[in-house]
Amino acid sequence: MEKRRMDAALLVLILGHLAIALEVPLDLLEILPQPPTITHQSPKDYIIDPRENITIHCEAKGKPHPSFSWTKDGTHFRIEEDPRVTMKPHSGTLVVDISMMRAENYEGVFQCTARNNHGTAVSNNIVIRQSRSPLWSKEKNRPIVVQEGVSLVLPCRPPAGLPPPIVFWMDNNFQKLPQSRRVSQSLNGDLYFSNVRREDSRNDYICYARFTHTQTIQQKQPITVRVLNLDSINDTMAAFYNDTDLFSEAPMDERKPTFLIPPGSSSSMRVLRGHVLEMECIAEGLPTPEVSWSKVSGELPSRRTSFLHFNKTLRITKVSESDDGVYRCTARNQFGSVDHTISVSVKAAPYWISGPPKNLVLAPGENGVLTCRASGIPKPLITWTMNGIPIENSPTDESRKVEDDVIIFTDVQTGSSAVYQCNVSNEYGYLLSNAFVNVLSEPPRVMTPSNKIYQVIKNHPALLDCASFGSPLPKITWFRDLSASTLNGDNYIFHDNGTIEIPVAQAQNSGKYMCVATNALGISKNHVHLEVKEPTRIQKQREKTKTVQKGRSVVFECKVNHDETLFPTMTWLKDNGELPDEERFVVGSDSLTIVDVTESDAGMYTCIMNTTLDHDSATTELNVVEAIPEKPDPPTDLELTDQTKRSVQLTWTPGDEHNSPIQKFLIQYEDSLHHRGHWHNLTEVPGTMTTAHLKLSPYVHYTFRVFALNAVGYSNASSPSKMYKTDPAAPDENPAGVHGIGTEHDNLVISWKPLSNLQSNGPGLHYKVSWRQKKLGAEWATQNVSSNSKFTVSGTPTFSPYEIKVQAVNNYGAGPEPAVVLGFSGEDLPIGTPDNVKAVVINSTLAKILWDAVPHNSIRGHLKGYKVYYWRKHGMHKHNPDHMEKDILSFSGNHTHGMLPGLHPFSAYLFHVRVYNGKGEGPPSPTQHFKTPEGAPGPPTSLEVAKTDLDSLTLNWSPPLEHNGHITGYTLKYQPVNNSNELGPEEELALAANETSVTLPILKYSKRYKFLLSAKTSSGAGPAVSQEAAVSDEARPMSPFTNVTYSLEEDGALISWDYWGPEKNIYVEYTVDSKGVEDWQKEPANGSQNVKLKGLKVGLSYKVRVVAEGHHDQQLHYKELFVTVPAVASRQVDIATQGWFIGLMCAIALLILILLIICFIQRNKGGKYPVKEKEDAHTDPEFQPMKDDDCTFVEYSDNEDHKPLKGSRTPSNGTVKRDDSDDSLVDYGEGGDGQFNEDGSFIGQYSGKSSCRDNAEGPESSEAPSPINAMNSLNSFV
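Reminder that position 342 of the sequence shown reads as 377 in this note's numbering, one-by-one numbering, no gaps.
Derived from the structure by calculation, the hints contain no laboratory data. Be aware that a few hints might be false.
Stated by the list, open to error - Restraint ranges, calculated between C-beta atoms of paired labels, are given here:
hint : residue 1 : residue 2 : range
1    : E334      : D239      : 41 to 51 Å
2    : T1077     : E1023     : 21 to 31 Å
3    : R245      : E618      : 44 to 54 Å
4    : T352      : G400      : 44 to 54 Å
5    : H100      : G400      : 28 to 38 Å
6    : P763      : D672      : 25 to 35 Å
7    : S172      : T1006     : 29 to 39 Å
8    : S987      : K908      : 43 to 53 Å
9    : P664      : P763      : 46 to 56 Å
10   : E1023     : N176      : 29 to 39 Å
11   : Y386      : R164      : 23 to 33 Å
12   : G400      : P78       : 38 to 48 Å
13   : L343      : H100      : 47 to 57 Å
14   : R587      : V622      : 16 to 26 Å
Claimed, not checked - With a Cα cut of at most 35 Å, we get these calculated DSBU-like pairs of lysine-lysine:
hint : residue 1 : residue 2
15   : K96       : K79
16   : K1154     : K1117
17   : K873      : K908
18   : K173      : K123
19   : K353      : K211
20   : K982      : K1045
21   : K594      : K609
22   : K547      : K436
23   : K1045     : K1008
24   : K982      : K1051
25   : K1099     : K982
26   : K825      : K954
We put the CB at the ideal spot given by N, CA and C, even for glycine.
Using the sequences provided together with the hints, build the complete structure.
Given below as structure tokens:
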């Protein structure tokens, strides 16, 4: 085998040198014969949108134009038999109209075939699948309660769509949930928490699935997560969360990481070459672990590797065989680390090594090779077909030899054209390629246009084309002008396609050239011309950089030399883009001018000179500069003029602005008398001024300095001016902020804000403090205070008003007369109590408290308000304990009433009122009381389902914790809940006050019920407690209707039923059973369980429904049956109920019974009765024995007048035949097995065939006949 492969490889190498495959020019494709070639087809895996028509592409070319056919799932697809499928004209593309048909009916594997006289090409197997975006399965997510610090996984589990959906998590506001190293989404869509925190508590964790093909988004039911610290959960909270999923009750400490996914210490996965490899490791731990990746068996491919989802996912794109190996992920925190290894195996679907097989165009007698070189892991299997048929089943061709992945053609002959298919496959996919072998005999044609002119630039290569076609492949020869010798030598390069190349074209190479194409079938010539041009060059070497000041102009020159037969065009670019569209940019014939340059004009400017053959360019960088602004120089030459006691004129000379105008000047002063070394801001003047008039204070030694400010900042300080001293004077102002407030009940503290040194105006500053009680005849008291800013007056009466004033004084006099300020001596606790305190009860939870104001002299201070103290003494129900804890409500200001909200109903309250001032509260008023009336009770303490049976359940409950009155009873409401969580009709049940349990026996309507229980007092019902429970679904009937029957009566059909559902609106509707339009008539039940349908027509069958109607006229349940009204039913009923008819039938039955008894007696004795004798002796040809098949007697009579007709039965009146009888009792039954009911009504067979042979020959034939057997025997006679 190996030797054969070596021989084949050698043969291919030799043939490759002997034959060159022809390429048919496009211009000849419409002329020359050619096998089909698939030019366009739908993808292998074609997912369709069920809302749009299906288009399956198949386009092919060939000469003649190919015809098309299709297979579906391996069998011929008959397009003409399906009116919904059309094929586009001159194409194989199918269009399926699915407006009246489900798209899934056209799912399957399609393959297109294109054929003409020269071969058959086939498409890939196109797998048509309908895109699907299934709904999320309905589910009720119970709240998840977890302890802080534990790990948590929120499952997504989206519905399996086609293609699979994109999964993401959002909240109710359609905002993406934040993710981090601690919280992240896995590749399968689940949301992982390495550890949970209190802030993770929320009720809107929603997983969304986006189906890209149908552009739909579906959401999962929201998940509620509550993160708790279990140390703080009391028994009440524990009871509340009994119906939730509680994860991990043990306290969670800090811990080392463990992996949530993947499980275990190692795993493996498989990936295909060229695909994306994604590995993920998600760990839990506290603190949150960090994940890192490495490759055990080598280095990670840096250019193709990325880390996603906060380093938890390793992604490698364009996977190759080198990515096979073992990878390690490590999760680490301060308490330790954990590793997981992933063994990756790289497989490969088949892929081309050197491209798919190429088409071959060969001349008769030539050789060629089709190569199908592909690889894969595992190694793929290569199979060949010819024109869609396995090559081993194709006609034998001596010129063709198949060697594994090549087909070798030697000495091909006309008629050997065909299309070959190479199929390369392994378990991961397949490749299918069509390549034709076209055997042609064509004389040479030169395809290059005649007398074509080639223009090139001097010193550049010149390529002269001689495109040709012929079969066999023509030989190309070149000639110069009229020279008879061929061109050759080192000056020329000859290409396989016939092109001649002059590597370095010079002016002497210009001229006329001729190419000649020759093969065994003929010769073809063509002339071309070559023109060599001078190159385009910019003359002057432009500067590499230009620098210009802002606001000036700049000129760029661009002069060029070029061939006189070429006409260049000039283009200017700025930073490789177009010039700004501004008038400041002026483009001349060989220059660019920019006027009034701005900073934005800086950049790279390029001049490009283009001709039809070449171009030249030059680039210059433009820099725009301006003077750099700096802070100004300090002012100079400070001078003091116009000096007075309280002012002076200051002038100065500004310093250099340094390219930024001065905005303002700041003037500062130093008081060397009081604060030597400290400079203070005095005033500011605009930057355009150089002088300032300064207002001064007495008794200050001034020195001035000036600062200048521009856009950069302040200058340095100027040199100080000469010192200027002002004379002392009396103060100009008195201290501010004078207050008088008592700190004790018998004093008055007078305080003020002292003057500054600048405000003192002279030495010896002190303060004259004066005060007097604000009453008629009071005199001022005075005290001089120095070196302090407050003075305390002792022995004052409690909370008395005082007039106060403070005056500044120095050695040169006193300040102006001070203003008088009102103050108060100290407060004391109030001594008065509110009078006429009473309560007005508004309702069970609100009361109004009223009182009289306390006299002002009893308050002894500033009135702040009143406080109401109140407490619940006890509830007026035996279950309510006493509550003595006091509540306080404050009412600021001079209020005389207040509201007490939030009281407990049905309770006794005590209260009193106090007045309070700035010192504190006064004594309480006498304690009063009031009672609140009954209110609505609280919810029942519990509601539990104690027992469930097939159609009932028992509820137990506990009374409300807050009775708020006398419980008068309970109200129970319940509703069925269907599978879609929709509530059905509500039922209400009133229960006594002493009941704490109830059994509901009629719950047949639904598997699940919702219950609401509330207590009530005389004030009304309180809030309800709810509970849901499921009723056992064993043997549950599918419909609430049972025992639906009908009976025919004289005046109509009576429809009866049993019904256990909750709906009240029950009716019967009926219509004639026909294939036409159904006209339903309705008869209401009006609360009964039967309805009589009148006016039914005889001989017709009716479709009847018993319907239970819900809200909004919706038919919730119905039971259907069919009622047939027999022809002339009324006449039959009338005869059957007549007394004479009943008597006649009884007489006949008695007579026949007597005769039968006599017959059997005679038979048992062995004698012959007359009929037997005549049977033995009679030879009449009309006489026949009893028939075996229907057990009927033959005709026999003693005289001809009483002989019945052959095949007839004699009725009771002896005149009408069986087949024509209108009174036959057989017509009253529905079948052949009838009997009578206890009341005599007919319910079954009255007559029919008897098993005579069995009675005569069976083991029971020897028994004495019973009257019933006699009646059965009668059927043979009547």
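Against the structure, the hints come out as follows:
1. Under the hint 41 to 51 Å, the C-beta atoms of E334 and D239, about 44 Å apart, fit the expected range.
2. Checking the proposed 21 to 31 Å range against T1077 and E1023 shows it holds: the Cβ atoms sit about 26 Å from each other.
3. At roughly 53 Å, the beta-carbon separation of R245 and E618 lies within the given 44 to 54 Å, and the hint holds.
4. A hinted range of 44 to 54 Å for the beta carbons of T352 and G400 is consistent with their spacing of about 50 Å.
5. As the Cβ distance of H100 to G400 is approximately 29 Å, the hint placing it in 28 to 38 Å holds.
6. Between P763 and D672 the C-beta distance comes to about 31 Å, which sits within the given range of 25 to 35 Å.
7. Under the hint 29 to 39 Å, the C-beta atoms of S172 and T1006, about 36 Å apart, fit the expected range.
8. A beta carbon spacing of about 46 Å between S987 and K908 agrees with the range 43 to 53 Å that was offered as a hint.
9. The hinted window of 46 to 56 Å between P664 and P763 holds, with their beta carbons roughly 47 Å apart.
10. For E1023 paired with N176, a C-beta distance near 31 Å keeps the hint of 29 to 39 Å intact.
11. At roughly 24 Å, the beta carbons of Y386 and R164 sit within the given window of 23 to 33 Å.
12. Separated by about 41 Å at the C-beta atoms, G400 and P78 satisfy the suggested range of 38 to 48 Å.
13. A hinted range of 47 to 57 Å for the beta carbons of L343 and H100 is consistent with their spacing of about 51 Å.
14. Range check, R587 to V622: about 19 Å between beta-carbon atoms, so the 16 to 26 Å window is met.
15. About 20 Å separates the Cα atoms of K96 and K79, which keeps this hinted pair within 35 Å; it holds.
16. For the suggested pair K1154 and K1117, the alpha carbons sit about 14 Å apart, so the restraint of at most 35 Å is met.
17. For the given pair, K873 sits about 17 Å from K908 by alpha-carbon distance, which is consistent with the 35 Å threshold.
18. For the hint pairing K173 with K123, the CA-to-CA distance comes to about 45 Å; that exceeds 35 Å, so the pair is violated.
19. Taking the CA atoms of K353 and K211, the gap is about 30 Å. The hint holds against a cut of 35 Å.
20. For a cut-off of 35 Å, the pair hint linking K982 to K1045 stands: about 15 Å separates their Cα positions.
21. With a C-alpha separation of about 18 Å, the suggested pairing of K594 with K609 holds against the 35 Å cut-off.
22. Taking the CA atoms of K547 and K436, the gap is about 48 Å. The hint is violated against a cut of 35 Å.
23. Taken as a hint, the K1045 and K1008 pair is honoured in the structure, with Cα atoms around 8 Å apart against an allowance of 35 Å.
24. Between K982 and K1051, the direct Cα distance comes to roughly 26 Å. Compliance with the 35 Å bound is thereby established for this hinted pair.
25. At roughly 28 Å between alpha-carbon atoms, K1099 and K982 fall within 35 Å of each other, so this suggested pair holds.
26. Only pairs whose Cα atoms come within 35 Å are accepted, and K825 paired with K954 is accepted, the gap being roughly 22 Å.
In this structure, the hints that do not hold are numbers 18 and 22, in rising order.
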